[in-house]
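K.L.:
One-letter residues, chain by chain:
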Amino acid sequence: MTDTLPTPVPGGLDAQRLREAYRTMRTIRAFEERLHEEFASGDIPGFVHLYAGEEASATGVCMHLDDRDSIASTHRGHGHCIAKGVDVKAMMAEIYGRRTGACQGKGGSMHIADLSKGMLGANGIVGGGPPLICGTALASKQQNTGGVGVAFFGDGASNQGTTLESLNLASVWGLPAIFVAENNGFAEATASAWSVAADNIADRAAGFGIPGVIVDGFDFFAVHEAAGEAIERARGGGGPTLIEVKFTRYYGHFEGDQQSYRLDEVKQARETVDCLKAFRSRVTGTGLLDEAGLESIDGEVFALIDAAVAEAKQAPRPTRSDLETDVYVSY
Amino acid sequence: MTDTLPTPVPGGLDAQRLREAYRTMRTIRAFEERLHEEFASGDIPGFVHLYAGEEASATGVCMHLDDRDSIASTHRGHGHCIAKGVDVKAMMAEIYGRRTGACQGKGGSMHIADLSKGMLGANGIVGGGPPLICGTALASKQQNTGGVGVAFFGDGASNQGTTLESLNLASVWGLPAIFVAENNGFAEATASAWSVAADNIADRAAGFGIPGVIVDGFDFFAVHEAAGEAIERARGGGGPTLIEVKFTRYYGHFEGDQQSYRLDEVKQARETVDCLKAFRSRVTGTGLLDEAGLESIDGEVFALIDAAVAEAKQAPRPTRSDLETDVYVSY
Amino acid sequence: MARTISYREAINEALTQEMERDSSVIVMGEDNAGGAGGSGEQDAWGGVLGVTKGLYHKFPGRVLDTPISESAFIGAAIGAATRGQRPVAELMFIDFMGVCFDQIFNQAAKFRYMFGGKAVTPVVIRTMYGAGLNAAAQHSQSLYPLFTHIPGLKVVLPSNAYEAKGLMTQAVRDDDPVIFCEHKALYDTTADVPEDSYTIPFGEANVVRDGEDVTIVALGRMVHVAEEAAGELATSGISADVLDLRTTSPLDDETILESVASTGRLVVVDESNPRCNVATDVSALVAREAFSSLRAPIEMVTAPHTPVPFSDALEPLYIPDAQRVVNAVKTVMGGQNA
Amino acid sequence: MARTISYREAINEALTQEMERDSSVIVMGEDNAGGAGGSGEQDAWGGVLGVTKGLYHKFPGRVLDTPISESAFIGAAIGAATRGQRPVAELMFIDFMGVCFDQIFNQAAKFRYMFGGKAVTPVVIRTMYGAGLNAAAQHSQSLYPLFTHIPGLKVVLPSNAYEAKGLMTQAVRDDDPVIFCEHKALYDTTADVPEDSYTIPFGEANVVRDGEDVTIVALGRMVHVAEEAAGELATSGISADVLDLRTTSPLDDETILESVASTGRLVVVDESNPRCNVATDVSALVAREAFSSLRAPIEMVTAPHTPVPFSDALEPLYIPDAQRVVNAVKTVMGGQNA
Ligand SMILES: Cc1ncc(C[n+]2csc(CCOP(=O)(O)OP(=O)(O)O)c2C)c(N)n1
Ligand SMILES: Cc1ncc(C[n+]2csc(CCOP(=O)(O)OP(=O)(O)O)c2C)c(N)n1
Ligand SMILES: [Mg+2]
Ligand SMILES: [Mg+2]
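Protein chains in written order, with the UniProt record's numbering: chain A, 1 to 331; chain B, 1 to 331; chain C, 1 to 338; chain D, 1 to 338.
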């Protein structure tokens, strides 16, 4: 059932929704590029993994979701958070380790979550998310909410036993679960062409009796369409789908990575297939949105990110009295 | 690359080797049927899982192996042990928990091993063996011995992440490893038709870039041929293969299992496709071996099993001084 | 009304009552029903030792068999718990924790803290522990110290059928992740158990025997060993206070310390391996908090630092028994009653 | 000849020398070389923090990158060890043990015993532990108590570059499975380290400072915290005996007990969470074996019973520091020097 979908027309999305999609992608990009700068300045503690370049995946998938739906993310989770509606200022404050952060500063970049939005958390464990999503999908099924669960994971994570088990479990249980393999070419410094012993991650779907689909991850519309089909099938009781999204990671594995293991694949991607550029030219070319409108979104987004950074830097830090709270509901 | 092989002729095996094959299968069957009786008498401690009905798999594979080759087994390990040349009396003594046992009575049925024979142990953990076999195969490769590693595991174990990861690792590393999925229809009380979300376990091979083969597990010659090809390829540097062997478990999951979850599939299999019967009629039909010769093997085997049980029952038990030894080489 | 039922039945009854009470309670595990996809009976097993038997037919769609994929289905239980279900997942033997530990200790246990207090993960993981059935090194372990170490988990070890029902009911209603450790050699033991639902709170040790000379702290099956020892000690005029911890996390510091404050002597009986276990944990607590009351060294009776041996000649030597507890008590009594 | 090199370099040097000495020594792990399949440099990383950098080119075919499949490749290291190799496998962060623990504790650790003494499994699992880099709840843990609990494993925690080289050399030559825990905040610390190969035996604690009033037992990075505290205490006239455990399994009971026999007071400093950890283990040992020498309660300085917080405002409060050790020592000194 592995198949490459043709690039679709922006069918089904009106101007309003297209603006939303653009705003989401732009917000992710601006968030990440700003973090890239801020990290270099030394103010941000811990590890930071940027999602820049991969915006079409989180956005194309999450456009189909609402609060009854859950997603699980990865160490590279900012994009998924933003696309699922987590508050950008709360995210920024979290990354700065502030008490106003999405997790009161206790989680950090790798653990941003907002359960009220169905965002089950970035995850520091490669392959940590897919089992959890089997559970949220099961809950949706048993509660008859029509909700789905979406597990985002990387090419590296596609070799983790937890991920592979989850494909089987979701299939056996007939769960409304979508597995989005974000193949950005690398797991740390290791190429997916080497670590994934198959031509495509999507080829693994057949071994678990589910459809496997490959999409161009630079093309928002391709992702949107493939995800839409899979999610519709899942909502209708048709079970899980594995979607492989292929693209390139724009920055290093984490901030600070020198990336001597790859040559300048990124430069070319940024120039030729960048998801934001492609989106813009598609929607303006067809006359659906105009440049001015998009630029005003850009302006709003940049202002939001500026404000988020400024507020995060000013925000209070957690204190000793926060250290031992919230380990248990009761103890 | 999933493919069903045609039933081969007994090519490549002379009368001497055929007798060996028969003796191995008969020894396994007799060992297990005797344990079935002895267990009922209450003398045998712990859990016992019988391999009866599956003899063609262990035998057909292990006929190709020698001491430089390793196998990893499962909780249902007696057949693999016997086929890999572990001493039958030492096995029986082990199952009785005696000091003369293969593991001095410390291991029991689920942990019989003989590393000198390349038998890495029965294993109480479902999916425990495949990673280990990646390692023995790696050692063979690095040491240039031409040796291979064979992981036997069940249909249930084919859903365990450790197994799936190992298929990928062996493929990525190009290891001389053979993965033998023994699909006996059930994992405990759960049918493989339900738990394996694909038509065949062998269908999973493609997702890891390796050949997947299905064989009739009641047919010694089919197993022998498929294993021969895979092992030859592996010895020649051609990498791993996944072989799915399909058959039926003759007894319950463990001794004591009432098996209300299945009707009398077993009776039919015993009557129509039993591997020993099929082997006999094949080799006598072609005139390679005669009934009398086979019966004299039977006699020798029964005598061996009788002696093994009698000796095991008489053998000394380990004592307090054995309790804390052999945890470490040095401590 | 109380009747005599088994530990197995008590757990089953607690699950039944909680499933009746609350439709979000669901059960899952390998062969927790049994027979999926087979030609015969569905609910053929009710779990490998029959603990969940019958629930499948009583609660359609709420008892799920699983493939042998502990990471996936334990993780699924955890994920479902974040979305309003109250799953009770079975890790068949505690020994299998190694194939799914990440989901338990890095996911379930940490969500609430990592997410700034915003997650609630009411999952129960039932698991079978302990030696005594000659199940050998990979099916006999007492690994609860590993779970006890982890912040964010609660760890429960019922010592008899009465405890099992009340503690399981509490576990299902509890809003934190609970590791519920059932001793495989206790399933057939019986006790008087009320038919009506009841809970036993976590973190409250049970004083199973009052005494003055020595405190014996025990847990799980070791409570019986401690009681047997106490009975024997009584015949030599030594009176032991025997505490059943019930839960190792939370730990009832207070009851332990009060008892030692009055007896001045402590023996801890723990079936697990001796390093970094509950026996060391309780000993250390007392050595810090009740030092001034202590009149003798603290003794620990545990398994040796070895895997569990298979042979029926060795396993009984491995498991702490009443005689070893008696000896330990006599040691802390300074030999005067030895 | 000794020079000053870093902890990172010391480990690298031990591996290099052992790989030169013995062709069966191999190295594997995620990006232990780095760059596999990429368009640029091979050996691009040498491990996520560069510990194995350079080995890939020096020892062709003996440094293996792996997919992110810890069960498979840690298991492979174990399997290879049963067939004559001496693998050094990297579990990048100790926090990831949950996805591969089974291979470590049910396989490697138990082979020898389960198989009646016939297996030899000389595998080293290198892993990075500890807080201090704001790596948050899933990348900062000190989970060595879990490994220490398991019979059949040896657990090593080098506290500085000198220790790291000698202990790693021993680990590679050792015939038992070794969990080698490297503190991530120590990699850049330096010490005088001989160029020639040397081993430091397991189970022999190092007395890093002699003193008379109190014994401070520490391990890994906490040795530095203990030393700092001892320095400060000296200025208030309290002289502390500071022990670096070096290995928690085997544990050097003797040196601990001797020290406490002479000081009569014990403080244990352990970066891990407080329940069932090394601090409780050492406390319990002393409360049993050296009770009569004890003149004060045993204090433990550990992390709290919480996951590791991310914020740079919280993490320093989480990690035991010298001030807390000083306070603990003053407590056991009966406040007379407080
Ligand atoms: C179980 C586990 N193993 C290893 C790691 C270390 N690690 C963090 S991210 C990463 C690479 C992940 O690659 P991929 O899944 O492709 O995601 P990407 O970073 O490309 O988004 C690794 C190895 C981890 N966090 N968890
Ligand atoms: C990790 C783990 N999970 C569960 C079990 C319990 N268990 C033992 S055998 C078995 C069924 C195995 O089925 P399969 O792999 O098909 O092998 P078979 O018994 O049919 O030979 C199960 C669930 C186990 N031993 N280890
Ligand atoms: Mg990637
Ligand atoms: Mg089976």
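Each hint should be verified, as a subset may be incorrect.
[As the list claims (entries may be wrong)] Dumping the calculated BS3-like pairs for lysine-lysine here, alpha-carbon to alpha-carbon at most 27 Å:
#	chain 1	residue 1	chain 2	residue 2
1	A	117	A	267
2	A	277	A	89
3	B	277	B	267
4	B	89	B	313
5	B	313	D	58
6	A	89	A	117
7	B	89	B	117
8	B	117	B	313
9	A	277	A	267
10	B	117	B	267
11	D	118	B	89
12	A	313	A	117
13	A	89	C	330
14	A	313	C	118
15	C	58	A	117
16	B	117	D	118
Note that these hints are calculated values from the structure, not bench results.
K.L.:
Hints numbered earlier in the text: which of these fail when held up against the supplied structure?
P.N.:
Of the numbered hints, 1, 5, 10, 13, 15 do not hold.
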